[in-house]
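Asks: Sequence:
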Amino acid sequence: MFLLLCTSLSAQQKFDCDKVLDTEPYFVKNKSGEKDHSLIRDIEILKRCGNFNSTDSAFLKGPILGVLMLEQVNAGKPATYRTIVDFFAEFRKTNKYKDFEYGLSLYKKIGQKRIDLKNWDADQELFVRMGFTVNDLNDFKAFMSQPEQAGLTYMAALTKYMTEIDAMSADK
551 MFLLLCTSLS AQQKFDCDKV LDTEPYFVKN KSGEKDHSLI RDIEILKRCG NFNSTDSAFL
611 KGPILGVLML EQVNAGKPAT YRTIVDFFAE FRKTNKYKDF EYGLSLYKKI GQKRIDLKNW
671 DADQELFVRM GFTVNDLNDF KAFMSQPEQA GLTYMAALTK YMTEIDAMSA DK
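Per the numbering used here: the sequence shown = residues 551 to 722.
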């Protein structure tokens, strides 16, 4: 156990973010699933060397990183970790990022909240931001009003609601 701890500490001291950031990530060369150990390593490098916060981490999925990298390479930038880190440093300064951050915080807040139709006027903001129309909002509210939905969180209700809509669409 002591040897493992010493080895781990030694490896941490030798990890040079400046050098690593100028290398090509695994996901650039390979299509990776979220469970792929090399993609997980890429994400750990980005978190460790990129000063990524919880909002940035929402983007750290293989497909999103792949699209982002392709966009940056097409703009003439190298396919490195640093390109992603630099992109996020600039992206954090934009209104789009601030809007995404607000939407993500709203999603987290409302996602765990139990359905309370007395507060629906305030709670529906997330669903409006998701693109719900007035008719969608009314249908979803009617769905949540059913006794069998009592006690669910808004996200659990949304999942059930969307599953029912998909099932009805498949029957047509």
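Read the hints as simulated data drawn from the structure, not as lab findings.
Yeah, the Cβ is synthetic: ideal placement off N, Cα and C, and Gly gets one too.
Incorrect hints may have been included.
To be verified - Taking CB as the label site, the calculated pair distances span:
no.	residue 1	residue 2	range
1	642	617	17 to 23 Å
2	719	569	48 to 54 Å
3	718	648	35 to 41 Å
4	579	650	27 to 33 Å
5	720	603	38 to 44 Å
6	682	598	36 to 42 Å
7	687	623	37 to 43 Å
8	652	629	30 to 36 Å
9	565	669	43 to 49 Å
10	658	718	34 to 40 Å
Unchecked claim - In the DSSO-like style, the derived pairs of lysine-lysine whose C-alpha atoms are separated by at most 30 Å in a straight line are:
no.	residue 1	residue 2
11	627	659
12	611	668
13	627	658
14	659	710
15	611	597
16	659	643
17	569	643
18	663	691
19	691	668
20	579	627
21	627	648
22	611	643
23	611	659
24	668	643
25	627	663
26	627	643
27	627	597
Asks: Need the status of pair residue 668, residue 643: alpha-carbon distance at most 30 Å?
Replies: violated (37 Å)
Asks: Next pair to validate is residue 663 with residue 691; report whether the Cα-Cα distance is within 30 Å.
Replies: holds (15 Å)
Asks: With the threshold set at 30 Å, check whether the alpha-carbon distance from residue 611 to residue 643 stays at or below it.
Replies: holds (21 Å)
Asks: Hint says 35 to 41 Å; check whether the CB-CB distance for residue 718 and residue 648 agrees.
Replies: For residue 648 against residue 718, whose Cβ atoms are near 37 Å apart, the range 35 to 41 Å holds.
Asks: When you check the alpha-carbon spacing of residue 659 and residue 710, does it fall within 30 Å?
Replies: With Cα atoms ~19 Å apart, residue 659 and residue 710 stay inside 30 Å; holds.
Asks: Is 30 to 36 Å respected by the C-beta to C-beta distance linking residue 652 and residue 629?
Replies: holds (31 Å)
Asks: Is it true that the CA of residue 627 sits at most 30 Å from the CA of residue 648?
Replies: Holds: residue 627 and residue 648 sit about 25 Å apart, inside 30 Å.
Asks: Can you confirm whether the C-alpha distance between residue 627 and residue 658 stays at or below 30 Å?
Replies: violated (34 Å)
Asks: Can you tell me whether the CB distance of residue 579 to residue 650 sits inside 27 to 33 Å?
Replies: Hint holds: Cβ distance 28 Å, inside 27 to 33 Å.
Asks: Starting from the hint 37 to 43 Å, judge whether the C-beta atoms of residue 687 and residue 623 obey it.
Replies: Taking Cβ atoms as reference, residue 687 and residue 623 lie about 41 Å apart, which means the hint holds.
Asks: Does residue 597 lie within 30 Å of residue 627 when you go C-alpha to C-alpha?
Replies: Holds, at roughly 21 Å.
Asks: Is it true that residue 565 and residue 669 lie within 43 to 49 Å of each other by Cβ?
Replies: holds (48 Å)
This entry does not satisfy hints 10, 11, 12, 13, 24 and 25, going by the numbered hints stated previously.
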